[in-house]
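**Q** Each chain, written out:
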Amino acid sequence: MSALLEIRDLVVEYASRGGHTRAVDAVSLDVMHGETLALVGESGSGKTSLGRAILRLVPAASGSVRFDGEDVLALGGDALRHFRRRAQVVFQDPKASLDPRMCVGDVVREGIDIHALATRQEANRRVQRLLEEVGLSAADAGRFPHEFSGGERQRIAIARALAVEPEFLVLDEAVSALDVLVRRQVLDLLGALQAARGLTYLFIAHDLAVVERIATRVAVMQQGRVVECAPTAALFATPASGAAQALLAAIPRIPW
Amino acid sequence: MTRQLVARLLHAIAVCAVVATSVFVLLQFAPGDPFATALDGADVPPSVRAEGRARYGFDLPPGERFARWTGALVRGELGYSASRHRAVADVVGDALPRTLLLVGVALVLGFAAGVGIALVQTRHHRRWQDRLFGVLTLGGVAMPEFLVALLAMTWLGARWRLFPVAGIGSLGDAAAWPVWERIVDLLWHLALPAGALALAVASRVARHQRAALLGVMREDYIRTARAKGLGEWNVIVRHALPNAIGPVIALLGLALPSLVGGAVLIERIFGWPGMGLTLFDALLARDYPLILAAVLLATLLAVVARTVTEAVAEFVVPRRAREP
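Protein sequence lines, in the order shown, are assigned to chains F and R.
For the first sequence, our numbering begins at -9 and goes up steadily by one.
For the second sequence, our numbering begins at 8 and goes up steadily by one.
The following block holds chain R by itself, in its conformation from the complex (with noise of 0.2 Å):
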């Protein structure tokens, strides 16, 4: 157990190794630096533009820029973002809790509603609720997020009103607010991009989970399961479900990565101040340090959600685990 822990934690250490040279590496290619906006006009002095990018280490050769930056990440310090004047840490301080909670509340959302729906397909196998349902989950997983997103926005925020379209807390003085109220006011924001992402997710799940489910119901135990004399959805949540899931929670821990992907076009569109929308607004600004952390981050989420999901797939089929 102790091995296999090691293993994986020198394994992730690896993927972040690769992961940040790599992004370091191809920020050297693109055009532009923090600063081109700034200080590349024609009416600045060479003199200044030279001291501006001094002053950040920018006259430095790559290298010794990487050295620098890897250096001061093992003392665990991020760097400075310069497009929004404050410590790298602070900025992802403020914007990776309102990613995990938009990507976590889709992520629970989106596999409660998959399972639930791949359950109500299995019951009724080839008729009118199955196909129904066929139909809209391939239509999930067909249509892109942002199409949702902007659907969403327009039906549901723009004509009905029904929840806010951008941002996440209503304008006013939130401290003053009872704490309910502000909950209240943050899940009235978090609707639209976390029901957008979700609904990808619930598509996903549903189809991967009612294949799984009719692979499993031509065993001879859920036979066994009827003749007991167990009505058919005890029978499919008791027997079934149980023998079903595991691969469904594997496949979501790959999934996870492409969730964050998606998590950054949403957040975009609905102005949701987290990783994704920092992530987006750092590389427009060319603010390297920013940018850097972002990736890494967004690597190390990856990283754990998937060792996370393979234990609890394990813990989930213990004979995987168990049977020599």
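Here chain F stands alone, though its shape is the one from the complex (with noise of 0.2 Å):
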């Protein structure tokens, strides 16, 4: 199995009072071909910025990250606008990351018609498509977002990142804001999609409960490195780091 992504000594650094604050702080990882690898930590452990500066969306201080053999840092123009097309993502928040001003049929056309996908009436066959492969009704196009429950507004994101085609999706937190239930039942679609279209998933998360069932293998963050980075199995079994310890430790257990 080959690298769909590799990520050498990558650095993020945000600029703060007397200096720099390293957010990421040399980080190497390799995500597979269709495989999930998850990512984990505790707040400020630095997942959200790898996963931004995997994805241009903050600029990356040194390092180099590689996508299907392309060096991603260095991209510009129309080569990164063709990036983003193969690599997607789903924020935390839904009610934040859809444009409340669009109703969702043209929120998921956008990226069609950037990329020039498809033909105006081909686009708005995949919307409805893609909103019924989310478990949403292609009559659903003409509302506005705010008119969605947090679960449907997750999947009109899902939607969203998936009107493009991409290969790769980066999942930020993407279920940490939805109850277990809705939580779920989005966990589920995730998996059904990425084995309906072979997708490589980056799931990034705070709690190591979620990630049990949907990862592959597990990198664990803490303050800005990876600390660890084990097949899921393992990584449940002998957690070799504290920070992994303390992840697996914090998960609710009901006592019989």
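No false leads were mixed into what you were given.
Straight-line distance between alpha carbons at most 20 Å, and here's what the computed SDA-like set of lysine to any residue pairs gives: (1) F:Lys85 - F:Asp169; (2) F:Lys85 - R:Val223; (3) F:Lys85 - R:Leu248; (4) F:Lys85 - R:Arg233; (5) F:Lys85 - R:Arg245; (6) F:Lys85 - R:Gly222; (7) F:Lys85 - R:Pro249; (8) F:Lys85 - F:Gly141; (9) F:Lys85 - R:Asp227; (10) F:Lys85 - R:Ile229; (11) F:Lys85 - F:Val170; (12) F:Lys85 - R:Arg225.
Simulated from the structure, these hints should not be mistaken for laboratory data.
The model shown is predicted, which means the values in this text are computed figures rather than measured ones.
Dock the two chains into a complex; use the hints.
**A** Given below as structure tokens:
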């Protein structure tokens, strides 16, 4: 199995009072074709910054990111736009990540139009198919985001990300804001979509319990560094790092 | 909807009634009357003065005069302007369209320019374009309109002779000119007064619009739009602007009365024969019916403008109306 994404010594810094804060500190990771790599860690451990730097949504200070062999950090203009079609993102808060002034159909469609992926009628049909694929109805295209529940909005955000037929999806705390039942439904949807479309996921979460079912491997971050990276079963059985042990201990268990 | 409309109408009537009453009362305290200059000379016999005043009802007590004036107003009569020797309705009918043209052009130009400046500032946030316009718009907000007007008049008008410094049209038999020539001539005369007013509007709009845009630019859906692959200009124009323009439109409605106030000065400086200049002259001449009509009209304009901008802001931001 080959790596779709190769991250080497990636550093992300933010300007702060009297210097720089290092949010991501020399991280190296591979994400394999078709796998789900979970990225877990406490708040402020740098996992969201890492996900955004990979997608060029925040600038990287140094290091390299290769996507399918291409140097992502050097992309510009048309090449960057082309990369944005192949690598998409779903954010944590679906209330905030959908433009409140745009109806759902336009939200989903815009990506198709930007990348000129389909003619008008074809794009409309594709939007309807996508909405049905994520468990909404084609008639929802004319409604606005605030008319939907949190879980439905996250489905819209997923449909929007899938509209441009990406190969790679960063799920940035994509289910953290949802209640447990809806979370289970959305996780099932993500699993089904991955199987149907051969997607590769970078699944960012602060909670190990969420990733147990969905992740192939788990990378644990602490203070900007990856302190452990192991197959899911191995990490749950024998956590090596203190950070992983602490996260495991934090999973609520019902005592029998 | 109908109930809302009726409520707004009643509110507008109430505001106009209060304004009319207070202006009428204030005028009673102002020294002089419409005949002070003409009739109060030492060589005019008291009987002549009394007769002159009696002809226009100025010998009556203020309460009765107010009752008569409001009675006429309800019948749709605005009275007779002693200083212009014409019916007040005719004076206003000539002046009002000119002011609406001046303020309307200034508003549209200023709003468009202000939003445009804010878009450029947001696109180049913290770079030199942002800073340059920041300084310029701060100057535009801080500088009084009359100073802008006088500077424009001095340089663009008197020194470089690009635009006329006063009036609404060139001398000559305008009626004989072709229509487009009359329009060009009107716009040429409009340039400086409308430009001076528009500058003030643009500066205010730009500062508020920039702040609103930068607030919206931090939203997650802006990041979503970038992740879709939209260029930065498209992100700003298609996703940030629609979410940031509502409050600025509402603000414009609130600022309109002060714009009308600014128009009084501008009209006076450039000799633009609109409502502002009419009001100014009427005040000097103590032409009570004309003053009252002008103030009442300005009030009405402000109330209508506020209602319209509220409706527009609601239309632009539909979720405000729909979200429970």
